[in-house]
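Novice: The listed protein sequences derive, respectively, from chains A and B.
Residue numbers for the first sequence follow the numbering used here, beginning at 1 and rising by one.
Residue numbers for the second sequence follow the numbering used here, beginning at 250 and rising by one.
FYI, nobody ran anything at the bench for these hints, they're computed from the structure.
You may find that some hints are simply not true.
To be verified - Taking lysine to any residue and the SDA-like style, the derived pairs with C-alpha atoms no more than 25 Å apart in a straight line are:
hint, chain 1, residue 1, chain 2, residue 2
1, A, 132, B, 343
2, B, 469, A, 96
3, A, 105, B, 333
4, A, 132, B, 352
5, B, 460, A, 4
6, A, 96, B, 343
Bear in mind the structure is a predicted one, so any value in this text is a computation, not a measurement.
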Amino acid sequence: MIPTLDANLYTQIGLDSGSLTMLATVVHPMTEPGEYRGVLHSGKEVDAVFYIKVDRESAMAQADVDLASLTGESSDECKCSSGNHHGPRHFTVNPKGYVVFHVSKGGGGYFVVVEKADENSKAKPFDSRDLKEGDLFAATILRPGTYSATNLNAKSRGEIVVTYPIVGKFANPPPNPVRITSGRDTHEPKRVMVQPGQGIIFEPKAPSRFKIELLKADDGPGQSSIPVRDGWRKPPVVKSPTQRRVKSK
Amino acid sequence: MSHITIAASANAFVQLFDALRDNFTFSKSDSGSFGPFTASYSVALHLSGGTVQLNDDGTIEIKDVDIVFDTLTASACFNLPGFCVGGWCIVPDPWNGCLVGIPKICIGGPICVPIDLSGLVSEITDVRASLLAKYYIDPARPPGVTDLNAEFAGHPNKWQVFIDPAWVHIDPINVPDTVENIFENVVKNAIYNMMGPLPGWMKDLLWAAIKATGIIALVKGILGFVGKIADWLETLLNSIFDIVGLVETAVADYFASKYPIYEFEDPYPILAAGGGLIPVKIPIRDLAATVNSHEMIVTANVGA
């Protein structure tokens, strides 16, 4: 994996399950076999169309849909990763599996709507702006500070504290993700404390759209922990005993 | 019996060798890609010191000549994954495995780590050689001219005596263990440069992650070795880039064909031009050169 210093990683501070960016991922179970058509939006515009085949014969438990690659933001048109064997816009998954909508690079700001390709189907489409029970929203926060975690659709709210990284007290890789369940008027736990980069998984118990906003930034102890070279310094002038005597007179 | 015999004492031979040694220079640079990293080097060196021994079996033994690396720089460039997010399991399977995981994003960037080892000294431990006489026709002489006219034009034919090595042995470059500290500082500087545009908190985050792993451990993981940095650099320079082999070849080539230890014109002038007369010269043939423990001996016959 080629590491990135994509500026969106440190300029996009908030996260929104209805507007996916590099550090926000939605996971959706696809339980009913069939052919599905997905539409990728950023705002009102349709950015791309993709297809998901939910197939009992498939061994794929997970289909990774890189939304950036669907729009051409990613240069790797077809990485042919898990669940993606028929081209960059066609995915296959087992009915007991999940589709993972993520953004590998760029500014993002996407939501997806997936519905059965069969026009006569009465199944409700999946809309990533309105997550249901069984869906998951995985968020990763890098910028230290205190955040509000609001479920816009279910009107519940909690708080997330991201601690400041301290050399010597920082686990790399970060600890296991924390899980937050959120429904109507419930948000458990109300307050979580995580390390930067530690995963936060939201489990909706009611129609949900999660929005994470920075309330108060934590800029650390005020002194960067990055060691700085001492460099050369002029040594302090040490007066000779003679000079001291002259001054004392 | 030869018509001409010239001898140079062992001391005189050593002085001739000193001139030959001091005229030697070698420089080269190269680069290569080795999977997770690319590396390059630049080297320039000269020779110094050493001993020369003439043997009765006609061989010359040269030992302990210092190879002074005036320039010896190497650089390794690689992607530094300072900190990775995602990659964790979101839906475990019943067998303690993972059914669904979040794609991983590694935060970091390309860095280059330059190492300056200039000033290191290696050694030509042993050269075993004999003398070799060669006839030289200047490739720059005008076409179609006689030997005499070629000489008048400043391109005379020559007999040349070379030291012709049977083998050249050079000690591998020995990188001191102290390079580990230098390497760590250089990596730090490279990381600072990479972090240039980042906000302070992001720098602290990356730095905390890098320090948690350990700079040297992190770099070793990327470059794919477990031992000492010095050993890795030695392998890179001596075995992968084969600088020692290149210098051995260059020394052998230089001794055997680039710089004669002794040379003279053919035909050989015995009376200079003067009084309206052309110079008097005698042609030399069948030149041979050898040594014994006391001197170098060059023999030849007169005649075209």
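Novice: The structure should be examined with respect to each hint, and the outcome stated for every one.
Specialist: Here's how the hints hold up against the structure:
1. A:132 with B:343: Holds, at about 23 Å.
2. B:469 with A:96: Roughly 41 Å between the alpha carbons, so the hint for residue 469 (chain B) and residue 96 (chain A) is violated.
3. A:105 with B:333: holds (14 Å)
4. A:132 with B:352: Holds - the C-alpha atoms of residue 352 (chain B) and residue 132 (chain A) are around 22 Å apart, at most 25 Å.
5. B:460 with A:4: It holds: about 19 Å lies between the C-alpha atoms, which stays within 25 Å.
6. A:96 with B:343: holds (13 Å)
Checked against the numbered hints listed earlier, the structure breaks hint 2 alone; every other hint is satisfied.
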